[in-house]
Amino acid sequence: MSAATVFGLCAAALVGLGLFGVLVDPHPLRKIVAFNLLGGGVFLIFGITARRGAAAGFASDPVPQALVITGIVVAFAATALAAALVLRLVDETGRVTLRSAGSGGGPSNDAHS
Amino acid sequence: MPSAAIVPAMTTAGGYLLVFAVILPVAGVLLSVLLGGRYAERIAIVVMPFGLAIAVAITAGVWHSGNVLQYVVGAWEPPLGVAFRADGLSVAMVMTAALLVPAIGWFARGQFATPPATQSRAATTFWTLLLAVWAALNAVFLGADLFNLYVAIEFLTFAAVPLVSLDGRPDTLTAALRYLLFSLLGSVFYLLGTVLLYGAYGTLDILLLASRVRMDPTAWIALSLMTGGLLAKSALYPLHLWLPPAHAGAPAPASAVLSGLVVKAPFFLVLRLWFDVMPGVSDRTAAQLLGVLAATAVLFGSVLALRQARLKLLVAYSTVAQIGYLFLIVPLSANSQIGHPWGNSAWTGGMLQAVSHAFAKAAMFMAAGLVAEALGHDRIAGLAGIGRALPITMFAFALGGMSLMGLPPSGGFVAKAMLLTAAVGEGQWWWAVVVLVGGLLAGGYVFLVLARSLAAPEEPLTLRAPVPRSRQLLALAVALIAVLLGFAPLRPSQLLLIGRPEAAALGVQ
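Going down the list, the sequences are from chains Z and F.
The opening position of the first sequence corresponds to residue 1 in the numbering used here, with each subsequent residue numbered one higher.
The opening position of the second sequence corresponds to residue 1001 in the numbering used here, with each subsequent residue numbered one higher.
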C-alpha cells in the first residue's frame, strides 16, 4: 500500500468521523470540533493531491499547499466565529443548545419560536 | 475548434474595474474597523455611490464590447494565477447588488443611524457587515477560479451570519449558529469537490477547466459534492431548515440583504458549475432530480408560508419557495445547447426571476419591518387597519407580492412566463404545473396579508412609533424596480448571453 493510499484512507476516515459528529452530536461545541475534524480530512486530501507534482519530477506540487494554507485560515476564522456565537449564547441563556429554534421539529415549531 | 473561442489569459481594457468592485467595499470595511463607532455609517454612505458607479462602468464595458471583461491578478496567467472575469451573468448580478445595497443602506439609516451621542454596537456592526457582504457578493459574481470562489463564499457567510443576530437575543443567536453550521458543512463539501477537480485536471480556472473536464467519475463526484454543498447554502428544500428563523429573526434591513442577495450567491455558483464548468457532465437524471427538489421547494415553501402566523416568517418561507423557481433553470436548460430557443428562455427567465425576486423580496422585508416598527409586533391576525395607517408601505408589499405571484406586468410575471414557455417547449410539462400552482399559492399568502391589513380594525389603530415617509417611499421604489423589470426583458437577455457561447462550444465538443 503506497503512502498516498494510506493518507487517502486516513482522510476518508477523518471526513467520515467529522461528518458524523456535525450531523449527530447535539452539542454546538462538539459540532464545531467535528467540523474541524472534517476540515482536517479535506486538507489531508489537498496534501495527497500535492504529490501529483512529484510524478512530473518536482518534489511536490506547490499549488495545493498554497490552497491548504488559505483553507486553514478560513477554517480558523469559521471556528472563531462559531465559538464566539456559542459564548454569546451561553452569556444570554446560560445553556448551550440548538433546540430552542425548533431543530427537533418541523415547521410548526418554527412558527412558535 | 473551441480553442479559438477561449478568452485569452490576459487583462482586458477596463479589467481593473473588477478588482475595484471588490477592493472598494473591503477598504470601507477596514476603515470602519479602524475608525469604528459612528464613522462606520458615514464610510458606508460614502462608499455606496462609488460602488454603484463601478458596477455601472462594468455593465457599460461588457455591453459595449459585447465580450467579457477580465483581470489577471498580478499578471500571473491561469492555471497558476487567479483571474476575475465579468460575463453577462456576472453583470446582471453585480448590478442588482449595486442597486439594492445602497437602497437598503438608505432604508437602514432610519434604524441604524448613529447620532454622535449614542453609539450603538449593533449599528456600527451593521454598516461594516453591509459593506463586507457587498464585497463578498462582488467577489462571488466576478470570480473565475473555483478556489477563489470558495474563499469568496466563505467571506460572504462570515459577513451574513452576524447580520442575523445583530440584536443579540437568544433565539436569533441560535438561528445564526444553525445558519453558520449549515453553511460551513456546505462549504466543506464545496472545498472537497474543488480539490478533487484540481487533482484530476490540474486547474481551477473555470474556462480552462471547462476545456479539460471529461465525463468521468471524478467530475461526477466533484459536481455532486459541490452542488450539494451549495444547495445547503442557498437553502433549497430539504436543506432550508435554517432559513426561516434566520431571515425572520434578523432586523428588517438585514433580512432584505440576506433574502434578496445572499442566498443568490450559492445559486449563482450552481449555475457556474452546471453550465460553465461542466456543461457536458451533468446528465438528464441529475438535472431532473434537482428539478424535483426545486418543485418541492416551490410547493412546500408556499404552503408553509400560508400557514404562518407572523408576517416576517411568512415572507421568509416565501423565500424558500422562490428559491425553488431559480433551480428550475437546471432541468429546463441542462439538455439544451445555449442556442436552443427553449433552453434560452428558461435561462433568461430564471435569471430574471433571480433579479426580480431580489428586489421584490427586499421591498417586502422592508415593508414588513416598517409594519413591525409601527405596531410593535408582526402578527398577521393583528394587522387590521394597517393598510389605512401605512398605505405606501402596504402598497410596496403588494407590488413585491405581485412579482412573486407572477402578475403582469411585473418582472416575476415575465420570468415565470419564460419558465412556462421553456417547460412546454421542452416537453417537460410537469414543471409548468409547478410554476402555475406555486403562483396561485403565492397569490394566496400575499392576499392573506393584504386582506387582513385592509380590514377595519375592531378598535382604532394607534401606531407605536411614527414611520417616516422617506423609508416607506424607499420600500416602494425597490418594489417598483421589481415591477418595471417586466418591461425590459429582451435587451438584458442578450446581455446574459455575453461570454456564454464559448463555454457552450466547449461543452459541445
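In case anyone wonders, no lab produced these hints; they're calculated from the structure.
Note that CB positions come from ideal geometry on N, CA and C, so glycine has one too.
Hints should not be assumed to be uniformly reliable.
Label-pair ranges, simulated between beta-carbon atoms [as the list claims (entries may be wrong)]:
no., chain 1, residue 1, chain 2, residue 2, range
1, F, ARG1379, Z, LEU29, 51 to 61 Å
2, Z, ALA66, F, ARG1469, 47 to 57 Å
3, Z, GLY16, F, THR1285, 48 to 58 Å
4, Z, ALA4, F, ALA1309, 33 to 43 Å
5, Z, VAL90, F, LEU1034, 51 to 61 Å
6, F, VAL1056, Z, ALA3, 37 to 47 Å
Stretch-level coverage of chain Z by chain F, calculated; a stretch enters the list once three of its residues show a Cβ under 8 Å from a Cβ in chain F [unchecked claim]:
no., segment
7, 4–12
8, 36–46
9, 63–77
Note to self: Cut-off 8 Å, C-beta pairs, minimum 3 residues; does the coverage of the segment 36–46 of chain Z by chain F stand?
What the structure shows: Since 5 is at least three, the answer is holds.
Check: Taking the beta carbons of Z:ALA4 and F:ALA1309, is their distance inside 33 to 43 Å?
Finding: Violated, at about 56 Å.
Item checked: 51 to 61 Å as the expected CB spacing between Z:LEU29 and F:ARG1379, which holds or is violated -> 35 Å Cβ-Cβ, so the 51 to 61 Å window is violated.
Next item on the list: Please test the hint of 47 to 57 Å on the beta carbon pair from Z:ALA66 and F:ARG1469.
Entry: holds, 54 Å
Notebook entry, point to check: Do the Cβ positions of F:VAL1056 and Z:ALA3 conform to the proposed distance bound of 37 to 47 Å?
Noted result: violated, 54 Å
Next item on the list: Please test the hint of 51 to 61 Å on the beta carbon pair from Z:VAL90 and F:LEU1034.
Entry: About 30 Å separates the Cβ atoms of Z:VAL90 and F:LEU1034, which means 51 to 61 Å is violated.
Note to self: Given the hint of 48 to 58 Å, is the C-beta distance from Z:GLY16 to F:THR1285 inside that range or not?
What the structure shows: Taking Cβ atoms as reference, Z:GLY16 and F:THR1285 lie about 26 Å apart, which means the hint is violated.
Notebook entry, point to check: Count the residues of the segment 4–12 of chain Z with a beta-carbon closer than 8 Å to any beta-carbon of chain F: does the count reach three?
Noted result: violated (count 0)
Checklist line | Given coverage of the segment 63–77 of chain Z by chain F, checked by CB-CB distance under 8 Å (3 or more) | finding: Holds: 7 residues of the segment 63–77 of chain Z have a Cβ under 8 Å from chain F.
Consistency with the previously given hints fails for numbers 1, 3, 4, 5, 6, 7, ordered from lowest to highest.
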